[in-house]
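Chemist: Listed here are the chains, written in short residue letters.
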Amino acid sequence: MCFIDGWAELPKNESMPGAAIEIENLTKDYPYGFLHLKKKRSLEGLTMQVEDGEVFGFLGPNGAGKSTTIKLLVGLIFPEAGTARILGKPITDIEMHRDIGYLPEQPYFYDYLTAAEVLDYFARFHDLTAADRSERVARMLKKVGLETARKIQLRKYSKGMLQRVGLAQAILHDPKVVILDEPMSGLDPIGRREVRDIILELKREGRTVLFSTHILSDAEMLCDRVGVIVGGKLRGVGAPGEIVGMKAHGMEILFELPASGTSAAAIVAKATKTGDRYRLQVSEEELYGALEQLRAVGAKILSVAQVKASLEEYFMHLIEADRAQASAVEVSGK
Amino acid sequence: MTRAGAVALNTFREAVRDRVLYNLVFFALLMMAAAIFVGGISIGIEELVIKSLGLSAISVIGLLIAVFIGVGLVYKEMDKRTLYALLAKPVRRWEFLLGKFGGLVLTLAVNTLAMAAGLFAALLYVKHHLERMDAVLLIAVYFILLKLMLVVALALLFSCYSTPLLAILYTSAFYVAGLFVQEMRTFHFAVPNPAMEALFRGLSYLLPNFENFNVMAAAAHGREIPGALILQNTAYAVLYSSIVLLVAAAVFSRRNLK
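Protein chains in written order, with our numbering: chain E, 1 to 334; chain S, 1 to 258.
Among the clues, some could well be false.
Claimed, not checked - Straight-line C-alpha distance at most 30 Å; calculated DSS-like pairs for lysine-lysine:
hint, chain 1, residue 1, chain 2, residue 2
1, E, LYS233, E, LYS39
2, S, LYS258, E, LYS40
3, E, LYS233, S, LYS80
4, S, LYS80, E, LYS142
5, S, LYS258, E, LYS233
6, S, LYS127, E, LYS39
7, S, LYS80, E, LYS40
8, E, LYS142, E, LYS156
9, S, LYS80, E, LYS151
To be verified - Chain E side only, calculated, beta carbon under 10 Å to chain S, not exhaustive:
hint, residue
10, LYS28
11, ILE77
12, ILE94
13, HIS97
14, TYR102
15, TYR112
16, ARG124
17, HIS126
18, ASP127
19, GLN153
20, GLY166
21, ASP181
Read the hints as simulated data drawn from the structure, not as lab findings. Keep in mind the model is a prediction, meaning the values are calculated, not measured. No residue lacks a Cβ here, since even glycine has one placed at the ideal position from N, Cα and C.
Please model the entire structure based on the sequences and the hints provided.
Modeler: Rendered as structure tokens:
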């Protein structure tokens with residue numbers, strides 16, 4: 001059954017033996033209003049798994065429930081219902097925290113400390129010796145490119161630099177599972193590239209990475225699988241390739257016109273010109289007819305390729321469907 | 001416990017770097033001014049004035065630090081979200097609370113001892129020598145520190161679930177009420193009202209008894225302070241603070257961070 005017109009339903013994330021993160025029916029309400037008597041459901045019955053050693057992208061618009069899920073996993077908030085386990089340990093078990101690294105969204109640290117001091121402080125909670133702490137702090141600062149700023153108080157750091165400190169504290173103790181809440185947020189292109197490299201390095205080291213983002217190109221580039229959450233509900237899980245390949249949007253013909261060719265022909269007028277080249281999108285049924293017409297006007301065909309939907313298009317479809325469903329419920333309620 | 005210690009040391013470091021100990025400059029100036037000018041305006045009672053002024057200043061400055069920094073101990077960490085990365089480490093919430101409490105008590109202890117040293121210096125300037133009875137001042141300073149420990153515990157409790165402004169109001173209300181517990185126990189209405197009198201009596205046992213820690217007058221006059229009172233006040237402050245911290249831990253352990 002299709003859950004969105006034209007889009008095949010993504011496979012549900014079923015339990016797998018090598019799951020690093022197992023989430024089952026996790027539900028979270030936030031109270032609001034006078035005396036907090038009313039409740040808004042932020043996460044509804046989330047069930048999913050993240051496989052050991054994979055990079056998993058958690059996608060969704062603002063307010064979809066990504067940060068709520070992550071905060072539940074690291075024990076900052078508590079669920080109304082459901083359970084979760086990380087590396088087989090329940091999230092309520094303090095020992096679980098030895099194996100995880102966490103980067104909060106828009107991290108903020110003690111601004112009276114230097115980067116080296118804040119990392120040393122966090123390292124103390126992992127029962128490391130002073131020598132080990134010192135070695136790891138130096139290594140992490142080098143890794144995130146803050147070696148030269150190690151003695152500057154964090155109050156003088158930019159948002160991007162704080163993000164790097166956050167990343168360093170998350171991986172300082174060699175965690176098996178790294179959970180990053182919007183790790184690219186607030187970073188310039190160079191910073192984003194560096195974070196991407198760190199995530200790929202974590203994957204090469206065999207660590208499991210779960211990160212939330214709404215920057216879809218990052219997810220496409222980094223993730224083995226992505227989960228899409230909209231309105232507190234998981235809408236599907238799959239490899240980015242599976243998702244973007246699920247719906248072909250037709251064919252794209254790339255061609256050039258010789259100097260003698262006519263650009264006034266109807267078929268050429270439909271194409272988009274970029275430099276000397278033209279791009280023409282047609283349906284699969286129209287392809288051969290369009291090629292004939294282009295040949296007739298003397299066009300040189302450079303390539304013919306299938307146009308696949310981007311992750312962004314898929315994402316937008318989900319959001320639009322969610323809005324449509326919400327307004328349908330509202331109308332039927334009236 | 002080492003994790004609570006790490007939080008405590010960081011809290012102390014925060015206080016030092018936030019220039020909390022700069023109040024010592026104010027205290028030093030106050031003591032210097034008192035030592036220089038008090039002789040001229042109070043012939044024969046310089047010692048009493050210096051002791052009373054010094055102990056009162058130690059108490060007031062300590063209270064201001066305990067209340068105003070205590071109410072922000074947890075709230076500030078939640079508001080600025082510095083707590084997020086920390087609670088993802090293998091640290092229990094009660095360990096964090098204990099560390100914050102210990103850090104501020106350590107700050108107050110260093111501050112109070114430095115002020116006590118200033119008081120003795122001023123006394124030495126005025127009297128040109130110290131006597132054995134002056135050591136009673138140390139007991140008065142110790143009682144002030146016990147009182148401050150209790151105030152920090154209360155401020156920390158309120159800091160766990162309310163805004164700093166409300167927490168200041170609650171802590172101050174508890175402190176003021178705690179100064180009148182003896183009166184509450186013996187309070188009689190003009191028209192006898194046994195129910196209200198029982199309520200007041202009950203409240204007087206629930207509220208922290210801050211009156212017991214006030215030995216400033218006795219210390220200023222050089223009167224002996226019984227050893228039993230030292231033991232009783234120590235046990236009371238430790239027990240009451242522990243209970244308040246347990247309640248704070250219970251509240252904070254189920255608190256959802258925003």
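Chemist: Against this structure, judge whether each hint is valid.
Modeler: Evaluation of the provided hints:
no.	hint	in the structure
1	E:LYS233 <-> E:LYS39	holds, 17 Å
2	S:LYS258 <-> E:LYS40	holds, 14 Å
3	E:LYS233 <-> S:LYS80	holds, 29 Å
4	S:LYS80 <-> E:LYS142	holds, 27 Å
5	S:LYS258 <-> E:LYS233	holds, 20 Å
6	S:LYS127 <-> E:LYS39	violated, 68 Å
7	S:LYS80 <-> E:LYS40	holds, 24 Å
8	E:LYS142 <-> E:LYS156	holds, 19 Å
9	S:LYS80 <-> E:LYS151	holds, 22 Å
10	LYS28	holds, 9 Å
11	ILE77	holds, 4 Å
12	ILE94	holds, 5 Å
13	HIS97	holds, 4 Å
14	TYR102	holds, 4 Å
15	TYR112	holds, 4 Å
16	ARG124	holds, 4 Å
17	HIS126	holds, 7 Å
18	ASP127	holds, 8 Å
19	GLN153	holds, 8 Å
20	GLY166	holds, 7 Å
21	ASP181	holds, 9 Å
Comparing the model with each earlier hint shows a violation of hint 6 alone; every other hint is respected.
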